[in-house]
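Construct the complete structure from the given sequences, taking the supplied hints into account.
Just so you know, the protein sequences line up as chains A and B, in that order.
For what it's worth, the numbering used here labels the leading residue of the first sequence as 1035, then goes sequentially.
For what it's worth, the numbering used here labels the leading residue of the second sequence as 125, then goes sequentially.
Bear in mind the hints are in silico, worked out from the structure with no lab data behind them.
Warning: the hint list may mix true and false statements.
Stated by the list, open to error - So these bits of chain A aren't anywhere near chain B, every CB distance computed over 10 Å:
(1) I1044
(2) E1045
(3) I1080
(4) L1081
(5) Q1127
(6) T1134
(7) D1136
(8) F1156
(9) G1188
(10) M1258
(11) I1398
What the hints assert, rightly or not - Here are the simulated lysine-lysine pairs, DSS-like style, with alpha carbons at most 30 Å apart:
(12) B:K269 - A:K1316
(13) B:K337 - A:K1040
(14) A:K1327 - B:K245
(15) A:K1040 - B:K338
(16) B:K262 - A:K1047
(17) B:K269 - A:K1047
(18) B:K247 - A:K1165
Positions of the beta carbon are idealized from the N, C-alpha and C atoms, including for glycine.
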Amino acid sequence: MANTFKSDPIEFKPAEAKPAPDSTVGIVAWMRGNLFSSIPNAAFTILIMLGLANVIPDIIDWMFISSTWSGANQDACVGDGACWVFVKAWSQQFFYGSYTTDQIWRVNLSLILLFVVIVMSFTLPASYRLKVSVPLFLVLPFLCIAILDGRLVGLEHVNTDFWGGFSLNVLMAAAAIIVAFPFSFLWALGRRSDMPLARSISVVFIEFFRGVPVLALFFMGSVMLPLFFAEGTNVDKLVRVWIVLIFFMSGYMAEVFRGGFQAIPSGQYEAADSIGLGYWQKTLLIILPQVIKVSMPNILATFVMLFKNTVFLLIIGIPEVLQTLLTALSNSNWLGGHAIEGYVFVGVIFWLCCFGMSMLASNIEKKLDTSHRN
Amino acid sequence: MSTESKVADSVEDTIIIKDLNKWYGDFHVLKDINLTVKKGEKIVICGPSGSGKSTTIRCINRLEEFQRGSLIVNGVEMVEDVKNIEAIRREVGMVFQHFNLFPHLTILENLTLGPIWVQKKPKAEAEEIAMKYLERVKIPEQADKFPGQLSGGQQQRVAIARSLCMSPQIMLFDEPTSALDPEMIKEVLDVMVELADEGMTMLCVTHEMGFAKKVADRVIFMDAGEIVEQNTPEELFNNPQTDRLQLFLSQILDH
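So this is what it looks like as structure tokens:
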């Protein structure tokens, strides 16, 4: 520094940081701030607590205390509470449908593979995470189909009519979203494209699959889609609804991605252009990773929606978990009115899965949050 | 000027802009811009906001399209042809006001991206080049951090290094210090002065008059999409010819 000043400098020392005052931290402060911050607030808090105190003991009593846990059939259900014997007796059906009993390990194997690939996709070292997990993800649906079907890998053939239960819901949703991912990305790019043809095709596609109710789509898939296949070919019903789910999902995800694209500042495109990257390099290396990051919460939300929508498959007679429950409820050996237990059970497993996914989503978000963008 | 020297001049001209016109819709942003830049020349462009100075240099690597006129960079005419544009962009580095580092990549990855994917260099070589330039901008220790963890001045130095990794022949600076805190401007300008001393051809949109006086061979003053005056820094700042430049100078210097 060339500057010279008249007086000798006095040393500047930053003051030490002090702890926050007690009244802003701790449980009491939290309750005061969030539950009893004003008189109406306090009144609401007390009202809701009274309501909960009224309802919760009854629910606990029904679910756990007066409920029946052991037994093998309808006769065991004598208590006042829930009869979980029903769920227990049907649990294999609920999870695996009518899949051949001694081959059930194949369903488990598929679920484990799915789980492993998901875990790998965010625990592998960042340097080769994408290179490994993207191909794995893309191979996975077909591998699972091969394992479950059995013919290609030299196992006993299990016809898709016997696939069912909750595992089918999970695998259908996963297989659909994985295949939908690259498609939806292309639709989103198409919709943003300068080329009129690409843009209008994308818009029509996206708006069609977003505008038509999923139930109608399932009907179209099971009734109309066969008309498009060559005569004599009999495409499996599950494959047809899989295709429908992929289209449905990619329509929604395309819009999620489009939102993500719009969130990327134009400077990123310009910087990529200025170092001479081509269109696809720019899109795949610079834009897509950031789009996925900002869209992650919405992608997971869309996936949860699709996952829950798989119960609509019952409408075209596919034995997913809810359809299996309906079959169980109308079984002549179990006519004791176990609907509540059944629905509670299905509700709880769906809730657990969806809640798990939101936890996963927030976890991923935190992990990806490496840029404290200015 | 003799004919011989004219021929020599035209060989050394790296950028030739002739009658460049650009419109945003009906708005005429650039009006008959004529500018020739010799190899190794350092040009500072200044002017009020909206005068078209950023747009002019953004036309040079075709971040902006223009409707009329011609632009020749390194002997290659800029036309619609995509291949041409990408070839030019490899020769022209650009530094932006808001740095525009890639936030999802580490500093090192930001620097190696171009050499690996555009110049198809092996990763090890690209990293070697990247570290060389990081050392030159004096932040090799930040290589494994993410852009968001760096200060503005450090980010801008990384952005300069990222451009240099492509070994460009021309560097464009679009208000490189405008988004920086006062204490960080100097570290970025120091890097730029060093670069100028090494003979890089530079076009710099900036209001740092100290920098202009120190390195510029020529200062261009633009207003309303036109080049109003151009001259050496001493002449331009001390002897402004037009009332517009006099007004501009009185406004930026009267503090």
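Here is what the structure says about each hint:
no. : hint             : in the structure
1   : I1044            : holds, 20 Å
2   : E1045            : holds, 19 Å
3   : I1080            : holds, 45 Å
4   : L1081            : holds, 45 Å
5   : Q1127            : holds, 46 Å
6   : T1134            : holds, 46 Å
7   : D1136            : holds, 48 Å
8   : F1156            : holds, 14 Å
9   : G1188            : holds, 41 Å
10  : M1258            : holds, 42 Å
11  : I1398            : holds, 13 Å
12  : B:K269 - A:K1316 : holds, 22 Å
13  : B:K337 - A:K1040 : holds, 28 Å
14  : A:K1327 - B:K245 : holds, 28 Å
15  : A:K1040 - B:K338 : holds, 28 Å
16  : B:K262 - A:K1047 : holds, 27 Å
17  : B:K269 - A:K1047 : holds, 29 Å
18  : B:K247 - A:K1165 : holds, 16 Å
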